[in-house]
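S.K.: If you want the building blocks of each chain, they are given just below.
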Amino acid sequence: MEIYALLGFVLILSIYLGLELISKVPSTLHTPLMSGANAISGIALVGALVLSTDSNLQSAIAFLAVLFASINVFGGYLVTNRMLKMFKKK
Amino acid sequence: MSIFEDITAIQNIIYIVASILFISGIKMLGKEDTAVKGNFLSAFAMFIAVLATIIFIVDPVILLGGILLGAIIGSTIALKVKMTSIPEMVALFNGFGGLATFLIAWSEYNSIPDNYFQYLLVMVTIYIGGVTFTGSLIAYGKLSEKLKVAKTSIVAKIFTTIFYGSILFLIFSILLPFLPALGFNFFTVLLAITLLGGIGFVLPIGGGDMPVVISLLNSFSGIAAAFAGLLLLNNVLIVAGSLVGASGLILTVIMAKAMNRSINNILFVGYASASKGSSSEEQGEVSPINVADAFLILESASSVLIIPGYGMAVAQAQHVVRELGELLEENGTEVKYGIHPVAGRMPGHMNVLLAEANVPYDVLAEPDDVNPIMDSVDVAVVIGANDVVNPSATEEPGSPIYGMPIIEVHNAKTVFVLKRSMSSGFAGVQNPLFFKQNTRMLFGDAKESIGGLVSEFKD
Chain A
1 MEIYALLGFV
11 LILSIYLGLE
21 LISKVPSTLH
31 TPLMSGANAI
41 SGIALVGALV
51 LSTDSNLQSA
61 IAFLAVLFAS
71 INVFGGYLVT
81 NRMLKMFKKK
Chain B
91 MSIFEDITAI
101 QNIIYIVASI
111 LFISGIKMLG
121 KEDTAVKGNF
131 LSAFAMFIAV
141 LATIIFIVDP
151 VILLGGILLG
161 AIIGSTIALK
171 VKMTSIPEMV
181 ALFNGFGGLA
191 TFLIAWSEYN
201 SIPDNYFQYL
211 LVMVTIYIGG
221 VTFTGSLIAY
231 GKLSEKLKVA
241 KTSIVAKIFT
251 TIFYGSILFL
261 IFSILLPFLP
271 ALGFNFFTVL
281 LAITLLGGIG
291 FVLPIGGGDM
301 PVVISLLNSF
311 SGIAAAFAGL
321 LLLNNVLIVA
331 GSLVGASGLI
341 LTVIMAKAMN
351 RSINNILFVG
361 YASASKGSSS
371 EEQGEVSPIN
381 VADAFLILES
391 ASSVLIIPGY
401 GMAVAQAQHV
411 VRELGELLEE
421 NGTEVKYGIH
431 PVAGRMPGHM
441 NVLLAEANVP
451 YDVLAEPDDV
461 NPIMDSVDVA
471 VVIGANDVVN
481 PSATEEPGSP
491 IYGMPIIEVH
501 NAKTVFVLKR
511 SMSSGFAGVQ
521 NPLFFKQNTR
531 MLFGDAKESI
541 GGLVSEFKD
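For the record, the sequence lines run as chains A and B. Take this note's numbering: the final residue in the first sequence is number 90, and no numbers are missing along the way. Take this note's numbering: the final residue in the second sequence is number 549, and no numbers are missing along the way.
Calculated directly from the structure, the hints in this document are not laboratory data. Glycine is no exception: its CB is placed at the ideal position from the N, C-alpha and C atoms. Any given hint might turn out to be false.
Keeping only pairs whose Cα atoms sit at most 35 Å apart, straight-line, the calculated DSBU-like set for lysine-lysine is [what the hints assert, rightly or not]:
id, chain 1, residue 1, chain 2, residue 2
1, B, Lys-238, A, Lys-90
2, B, Lys-247, A, Lys-88
3, B, Lys-172, B, Lys-127
4, A, Lys-85, B, Lys-247
5, B, Lys-127, B, Lys-238
6, A, Lys-85, B, Lys-426
7, B, Lys-172, A, Lys-89
8, B, Lys-172, A, Lys-85
9, B, Lys-347, B, Lys-121
10, B, Lys-170, A, Lys-90
11, B, Lys-117, B, Lys-347
12, B, Lys-241, A, Lys-88
13, B, Lys-172, B, Lys-548
14, A, Lys-90, B, Lys-247
15, B, Lys-236, B, Lys-503
16, A, Lys-24, B, Lys-548
17, B, Lys-347, A, Lys-85
18, A, Lys-89, B, Lys-247
19, B, Lys-170, A, Lys-88
20, B, Lys-117, B, Lys-172
21, B, Lys-347, B, Lys-247
22, B, Lys-121, A, Lys-85
23, B, Lys-241, A, Lys-89
24, B, Lys-127, A, Lys-88
25, A, Lys-24, A, Lys-90
26, B, Lys-172, B, Lys-238
27, A, Lys-24, B, Lys-503
Facing chain A, a subset of chain B residues (Cβ under 8 Å, in silico) [what the hints assert, rightly or not]:
id, residue
28, Leu-119
29, Met-136
30, Ile-138
31, Gly-160
32, Ser-175
33, Gly-187
34, Leu-333
35, Phe-358
36, Asp-452
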């Protein structure tokens, strides 16, 4: 159980860090920030890659998890980049 | 030390580096000058984290195949999608992230959890991931206008009931190990009711409240990833997921504040029941204006403020709006855009549309910047916005939207309101702005009206 206490600690600190880092965002960046953060949530890919493939069901679940996380990662980063490139100063 | 232990150590170091890069990346994403770099940094962090994980890959054919296919599908969607469809695309990708965590937790359940805490994490991760998935799909349907369900319809009510039922069933599932054994497979029921519950969570929420919902779903996808990290004992999942959870939460709060409503009211009550209070009886004569007269007033104006809303997005008028802005500037008029945080259907919707039409972001101003100088504005041009310029929010304590921060266009010398008809806005509240002395209504399709003004300027 100790490991969970430690990881729970990391979780709380990371949320706090996130709140501090992003508290003042100009409204121009609201969509890109959301879309960029969305791409980061594709980190589930790292979890999907270590899933077990013991049975057919487990293999299918792992494949789908990797597939959808990858769509999230690639789609998310590219769309964010495309969007940010449009923002120009005078 | 064995080679295996060496590799684990290297992997952990790479995870730490990736976490640091994610933190710097998301910080840089919050500032205009560094945003592109920040996104790149976070993509690089993702790349090294995945690379470090592949070392231990169990089944390369299945899993690398999944990455490749996902890369092709994701990239194709991202590069082909029209910029105007960005809101629904973000919702769709968000849903896929939620689905991935839902599947991770399912897989972990099948591997039989070792202890109760793991079991608890599996249940919670399944629930948040699943609700994020189907909730985002519904948001996608609503944003792309493919799905239209009234809040009061019977379908919406059934699904709302299922949503509340799904929460109860989650609690039941969490307590299950302490209860006597059951005669049915509760887990399959949990998977199904979670997915249906996600539909019920978003289905009854109206289009104008979408900015809040979509930010909240964004936050959920991060929280789900962080819980999956706890389940798999993986640091980088926890850190990256938490950052997303936090950024989504910040956007949710910004959006709710911009509507002066509590998150609870937006999600579970809505305007329909809030608007039973006094509805304004203050009707009067509206003064319509035609394009030719509007042109004459604009031509002699020295400062113009343009306030776009969802109507501009619907009419796809952003390009003609930019053209009008440029012609006005050539004519010596100072042009600014007043952007309300909840104008449109997602956070920053107007900013993206105007950027797509090549409007530089430094002429876009927030309500706090334009309200103090409103009386020096000659003409305020409201294009398809309604509730965000409704003076009831400042003048009428009984109004459902009273207290909501608005762009106070009624203080400008002249106001043009471009509108298709006299229907009320999303909140269903009558807008006294239309009946003010200094307001002129320019009825018709926004794109056609602005196009008319543009050709008047060119002649």
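S.K.: Please go over all the hints and tell whether each is borne out by the structure.
M.R.: Now the hints, each set against the structure:
no. : hint                  : in the structure
1   : B:Lys-238 / A:Lys-90  : violated (39 Å)
2   : B:Lys-247 / A:Lys-88  : violated (45 Å)
3   : B:Lys-172 / B:Lys-127 : holds (23 Å)
4   : A:Lys-85 / B:Lys-247  : violated (42 Å)
5   : B:Lys-127 / B:Lys-238 : violated (39 Å)
6   : A:Lys-85 / B:Lys-426  : holds (22 Å)
7   : B:Lys-172 / A:Lys-89  : holds (22 Å)
8   : B:Lys-172 / A:Lys-85  : holds (14 Å)
9   : B:Lys-347 / B:Lys-121 : holds (21 Å)
10  : B:Lys-170 / A:Lys-90  : holds (27 Å)
11  : B:Lys-117 / B:Lys-347 : holds (22 Å)
12  : B:Lys-241 / A:Lys-88  : violated (39 Å)
13  : B:Lys-172 / B:Lys-548 : holds (29 Å)
14  : A:Lys-90 / B:Lys-247  : violated (49 Å)
15  : B:Lys-236 / B:Lys-503 : violated (40 Å)
16  : A:Lys-24 / B:Lys-548  : violated (41 Å)
17  : B:Lys-347 / A:Lys-85  : holds (29 Å)
18  : A:Lys-89 / B:Lys-247  : violated (47 Å)
19  : B:Lys-170 / A:Lys-88  : holds (21 Å)
20  : B:Lys-117 / B:Lys-172 : holds (27 Å)
21  : B:Lys-347 / B:Lys-247 : holds (27 Å)
22  : B:Lys-121 / A:Lys-85  : holds (14 Å)
23  : B:Lys-241 / A:Lys-89  : violated (41 Å)
24  : B:Lys-127 / A:Lys-88  : holds (15 Å)
25  : A:Lys-24 / A:Lys-90   : holds (23 Å)
26  : B:Lys-172 / B:Lys-238 : holds (22 Å)
27  : A:Lys-24 / B:Lys-503  : holds (32 Å)
28  : Leu-119               : holds (5 Å)
29  : Met-136               : holds (6 Å)
30  : Ile-138               : violated (11 Å)
31  : Gly-160               : holds (2 Å)
32  : Ser-175               : violated (10 Å)
33  : Gly-187               : holds (4 Å)
34  : Leu-333               : holds (4 Å)
35  : Phe-358               : violated (23 Å)
36  : Asp-452               : holds (5 Å)
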